[in-house]
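Student: Could you build the full structure based on these sequences and the hints that come with them?
The sequence shown begins at 1 in the UniProt record's numbering and counts up one residue at a time.
In case anyone wonders, no lab produced these hints; they're calculated from the structure. None of these values were measured; they are calculated from a predicted model. Watch out, some of these pointers could steer you wrong.
Unchecked claim - Derived pair list, reagent style BS3-like, types lysine-lysine, alpha-carbon separation capped at 25 Å:
(1) Lys122 <-> Lys110
(2) Lys126 <-> Lys147
(3) Lys110 <-> Lys142
Said to hold, decoys possible - FRET-style restraints, in silico, Cβ to Cβ:
(4) Pro118 <-> Thr33: 32 to 42 Å
(5) Thr33 <-> Lys142: 30 to 40 Å
(6) Glu50 <-> Glu153: 18 to 28 Å
Glycine residues also receive a C-beta, built at the ideal position from the N, C-alpha and C atoms.
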Amino acid sequence: MLLWLIVLTGVACLSCPLPPAPGLASHSHVVATLRHLFLSDNKITSLPAEIGNLTNLSLISLRDNRLTHLPPEIGKLSKLVEFNIQGNDIAFFPAEMAGLPLDGEESVFKAAGNPLIPEIVKALEKNGPKALLAYLASEEYKPVLEKALQDFESKGSKKKK
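Tutor: The following block contains the structure:
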């Protein structure tokens with residue numbers, strides 16, 4: 001199974017230096033049953049929307065990469081109870097993350113070392129992941145997210161010039 005995990009990391013993350021795995025689509029049972037995904041200490045800049053297809057994931061470690069954002073599809077990971085994204089370049093979270101089960105006693109959410117917007121920092125300081133998830137689901141977050149997305153897109157277009 002470890003071999004499949006190594007092969008899958010090269011496919012699930014297009015920025016990884018690992019070679020793609022030919023014929024992975026024919027191994028959908030591996031994708032459907034994968035529970036732990038470790039992609040820490042790479043130079044990953046983004047996650048594909050297909051991350052949302054890994055619906056049995058309970059743990060993702062994306063620590064110390066170069067992620068600038070998370071795709072909304074991350075919210076489809078309804079079994080995720082351990083999420084480590086510390087040490088990236090993430091400023092905001094998609095509202096879809098509000099449905100993740102990261103507010104339980106056994107849950108772990110690590111986001112230190114990211115340039116998070118003040119509103120998210122305030123929510124995390126208030127009551128940890130529980131307050132963050134409530135904030136992401138709130139009407140109050142919608143205009144904050146919209147502005148953060150505009151700022152993010154603006155920075156991206158400046159880098160391309």
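Student: Going through the numbered hints above, which ones does this structure break? Give me the numbers in ascending order.
Tutor: none
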